[in-house]
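Colleague: One line per chain: the protein sequences are A and B, in this order.
Numbering-wise (my numbering), the first sequence opens with residue -17 and increments by one.
Numbering-wise (my numbering), the second sequence opens with residue 96 and increments by one.
Worth double-checking, as some hints may not be accurate.
[Unchecked claim] Straight-line alpha carbon distances no greater than 30 Å define the calculated DSS-like cross-link-like pairs of lysine-lysine that follow:
no.	chain 1	residue 1	chain 2	residue 2
1	A	40	A	51
2	A	31	B	108
3	A	85	A	50
4	B	108	B	152
5	B	152	A	31
6	A	51	A	85
7	A	40	A	85
8	A	51	A	31
9	A	50	B	108
No lab work stands behind these hints: they were computed from the structure.
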Amino acid sequence: AQSVTQLGSHVSVSEGALVLLRCNYSSSVPPYLFWYVQYPNQGLQLLLKYTTGATLVKGINGFEAEFKKSETSFHLTKPSAHMSDAAEYFCAVYGNNRLAFGKGNQVVVIP
Amino acid sequence: KAGVTQTPRYLIKTRGQQVTLSCSPISGHRSVSWYQQTPGQGLQFLFEYFSETQRNKGNFPGRFSGRQFSNSRSEMNVSTLELGDSALYLCASSLEQGSSTEAFFGQGTRLTVV
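Can you build the whole structure from these sequences, using the hints too?
Modeller: Here it is as structure tokens:
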């Protein structure tokens, strides 16, 4: 079964610094990968997705992720953190007609 | 275009009671999935409905059930509530079933069991 692993439940980043959230996947078939963001008391909003094609995927709010098959990774980055990026971020893989989510990263932005 | 609507947003129930949550998908979307989110277990898949048929089910007890109506609206029901059922229940709608199309999530229903 497909699965994803996110390490480090809490991530602190200074305003203006690089945001890097790591995601590694396990899949027996070419994966469909997603990053979602969740703000307090809200549902999930799609940041970006990888299905096929270009391995560098650009999403909303300045985020991007690179699919690396050799490393089974799909890390999320943003060059410069903004206070509004404080939220919880989930990596997910689609398989068996469902999304399987990682445990999430709670991002704290320090002014 | 209206998003996914979940009602109610908040709910408090007593152990042993049953509860019904509602989800209205985006117009034209035929697939509705339900997820449970808790601090300990994270986001877990409950079930998926497509064209009024349950296509997939996660690893939850039979107390958790659902259905989908001809207009694609979906309900999930939890009977004999337990304290551990306290969670945020999220509904997601997609255009199709069994594809990589984007899943749009509602704001969720926060269920508290006391």
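Colleague: If a hint holds in the structure, say so; if it does not, say that too.
Modeller: Hints versus structure:
no.: 1; hint: 40/A <-> 51/A; verdict: holds, 17 Å
no.: 2; hint: 31/A <-> 108/B; verdict: violated, 37 Å
no.: 3; hint: 85/A <-> 50/A; verdict: holds, 21 Å
no.: 4; hint: 108/B <-> 152/B; verdict: holds, 24 Å
no.: 5; hint: 152/B <-> 31/A; verdict: holds, 24 Å
no.: 6; hint: 51/A <-> 85/A; verdict: holds, 21 Å
no.: 7; hint: 40/A <-> 85/A; verdict: holds, 23 Å
no.: 8; hint: 51/A <-> 31/A; verdict: holds, 15 Å
no.: 9; hint: 50/A <-> 108/B; verdict: violated, 46 Å
The structure fails hints 2 and 9 (numbered hints given earlier, in ascending order).
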